[in-house]
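With these hints in hand, go ahead and build the complete structure from the sequences.
Residue numbers (our numbering), protein chains in the order written: chain A, 1 to 277; chain B, 1 to 277.
A portion of the hints provided could be inaccurate.
When chains are identical, the list treats them as one kind, so a pair holds in a single copy or across two.
As the list claims (entries may be wrong) - Result set (DMTMM-like, lysine to aspartate or glutamate): computed pairs, CA atoms no more than 25 angstroms apart in a straight line:
(1) Lys-241 with Glu-163
(2) Lys-83 with Asp-131
(3) Lys-241 with Asp-204
(4) Lys-83 with Asp-204
(5) Lys-248 with Asp-110
(6) Lys-185 with Glu-99
(7) Lys-83 with Asp-127
(8) Lys-185 with Glu-233
(9) Lys-43 with Asp-127
(10) Lys-7 with Asp-110
FYI, nobody ran anything at the bench for these hints, they're computed from the structure.
A quick note: this is a predicted structure, and the numbers were derived from the prediction, not measured.
Number of protein chains: 2
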Amino acid sequence: MNERPAKRGVLLTLAYDGTDFHGYQRQDGLRTVQSEVERALEKVDPWASRLRACSRTDTGVHALAQKAAFTGTRDMPAFAYWKELERHLPRDVAVVDAEECALDYEPRFDAVEKTYHYRVRVGPSRDPLRDRTHFHLFRGMIRKGTRESTDVGVSLSLEAMREAASYLVGTHDFVAFRAAGDERKNTVRTIHELSIEREEGTTDALRIVVRGNAFMKQMVRIISGTLLEVGRERREPSWVKTLVEPGKDRRHAGPTAPPQGLVLVSVVLGRDRAEST
Amino acid sequence: MNERPAKRGVLLTLAYDGTDFHGYQRQDGLRTVQSEVERALEKVDPWASRLRACSRTDTGVHALAQKAAFTGTRDMPAFAYWKELERHLPRDVAVVDAEECALDYEPRFDAVEKTYHYRVRVGPSRDPLRDRTHFHLFRGMIRKGTRESTDVGVSLSLEAMREAASYLVGTHDFVAFRAAGDERKNTVRTIHELSIEREEGTTDALRIVVRGNAFMKQMVRIISGTLLEVGRERREPSWVKTLVEPGKDRRHAGPTAPPQGLVLVSVVLGRDRAEST
Chain A
1 MNERPAKRGV LLTLAYDGTD FHGYQRQDGL RTVQSEVERA LEKVDPWASR
51 LRACSRTDTG VHALAQKAAF TGTRDMPAFA YWKELERHLP RDVAVVDAEE
101 CALDYEPRFD AVEKTYHYRV RVGPSRDPLR DRTHFHLFRG MIRKGTREST
151 DVGVSLSLEA MREAASYLVG THDFVAFRAA GDERKNTVRT IHELSIEREE
201 GTTDALRIVV RGNAFMKQMV RIISGTLLEV GRERREPSWV KTLVEPGKDR
251 RHAGPTAPPQ GLVLVSVVLG RDRAEST
Chain B
1 MNERPAKRGV LLTLAYDGTD FHGYQRQDGL RTVQSEVERA LEKVDPWASR
51 LRACSRTDTG VHALAQKAAF TGTRDMPAFA YWKELERHLP RDVAVVDAEE
101 CALDYEPRFD AVEKTYHYRV RVGPSRDPLR DRTHFHLFRG MIRKGTREST
151 DVGVSLSLEA MREAASYLVG THDFVAFRAA GDERKNTVRT IHELSIEREE
201 GTTDALRIVV RGNAFMKQMV RIISGTLLEV GRERREPSWV KTLVEPGKDR
251 RHAGPTAPPQ GLVLVSVVLG RDRAEST
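Structure below.
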């Protein structure tokens, strides 16, 4: 209920370390990204609308560039909202950009493309500086892995993962790659890029880069868990080809990789931003 | 007070995210790395000695390879201590290696060489995924910096930092680079390497690599703060040359860079490890 007239649409870009959040979306009694940012916004503009975000990232998932719009009632530029919000946010969520947009702009319906990274580290021990942001595959879980050869190229077959990934690029029915219980009708999505890269400057970590038009709940984590089954040589690359064929469901794909490896890296928005409806 | 006979010397390698610790060393009522590891050790071997560590890292400073020895009373190999300790440690400190050593081994007096990294990021906004491990220089603090040119090479002069660093390599009196209040007599140290590198895979972060025989309290952070004064073009590289000349003290060097950028990366130990005295 706005008690003051809407003055300005503001589109925020948010970055967060998802470790200590129960996901992006507001939930009663739980610490979420949305509730922390809305709490800061209430101090800056008590009559502002709630946030309208682009992606509902899960518990433990990170973001470098989540997009969230709101309608403000103060007569000040987006940049000033950015600077004032920053004074009230905890250290694990930050506003990293702010721009003007239409008063009722809905980034969720205007996202044209999203990019996620999924990070994996192999090795014989924990690493407190990377365990917040990487899925750690213990030595014992990696076939052929030995303590001396935890190099990614040795323990996980990049070549096999790349072949498997190639079968998912393009427009397919990804019904086997959505969380069980998700009931939406349209399960066809387009993946523009699915690449597997070593992390620069490391010998023990890799990154799965996924770029596509839209993603279902847990889809990137199921894709990552499936590719890792191939990388660990538990499955052949050609198995992945069958997963986008008719008659498949969630039980046919690999496990859901854990959330801490996942980062929402960027979102491309369409042309609606400037248009008021 | 050991109530059981000493059976085994164990040398641990510890990795930790220093963010939520009041430094390495035990302090009454505060959460420190030593107290957390000793608490775990008490569950595994209640009669084990306290830890004897190699470096007293400050509040907020991280480690990939701190060395800490203890004397155990259980008849089991170092590897078994490692695995049992891991079951009782919090997620921000890990045992990453364990080996046998002399019963009374003191790694602090046997360290031959240590390597530290100091990480710096430049840019116009916070980054929750890197602010735990990098010193963030805001755009406004960087001369010549603009939002579009936050590339390290533009905003911080790597060339000037490298020239300044060259004056500190070798054996010098580092009395100007020790924390005020430190009263030890011998302030001569040898720096084998002091290099400035871009962080791989980034355009906005650099790493100062320091390798030397021994370091005084806050010495690496004062070196880093001093080099950053030069990188930001507040001082000439030749200024750093004067800081190891006679008659200098802490007031002449640059500011102490904040702790979160610092990581103890490795320690080379000498030959005492296997010898019982």
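Right, here's what the structure says about each hint:
1. Lys-241 with Glu-163: within (10 angstroms within a copy, 55 angstroms between copies)
2. Lys-83 with Asp-131: between (31 angstroms within a copy, 18 angstroms between copies)
3. Lys-241 with Asp-204: For Lys-241 and Asp-204, neither the intra-copy (28 angstroms) nor the inter-copy (39 angstroms) Cα distance is at most 25 angstroms.
4. Lys-83 with Asp-204: Result: close only across copies, 21 angstroms inter versus 38 angstroms intra.
5. Lys-248 with Asp-110: neither (30 angstroms within a copy, 61 angstroms between copies)
6. Lys-185 with Glu-99: neither (34 angstroms within a copy, 57 angstroms between copies)
7. Lys-83 with Asp-127: Between. Shortest inter-copy distance 15 angstroms satisfies the 25 angstroms Cα cut-off; intra-copy 34 angstroms does not.
8. Lys-185 with Glu-233: Neither: 33 angstroms inside a copy, 60 angstroms across copies.
9. Lys-43 with Asp-127: between (38 angstroms within a copy, 22 angstroms between copies)
10. Lys-7 with Asp-110: within (22 angstroms within a copy, 67 angstroms between copies)
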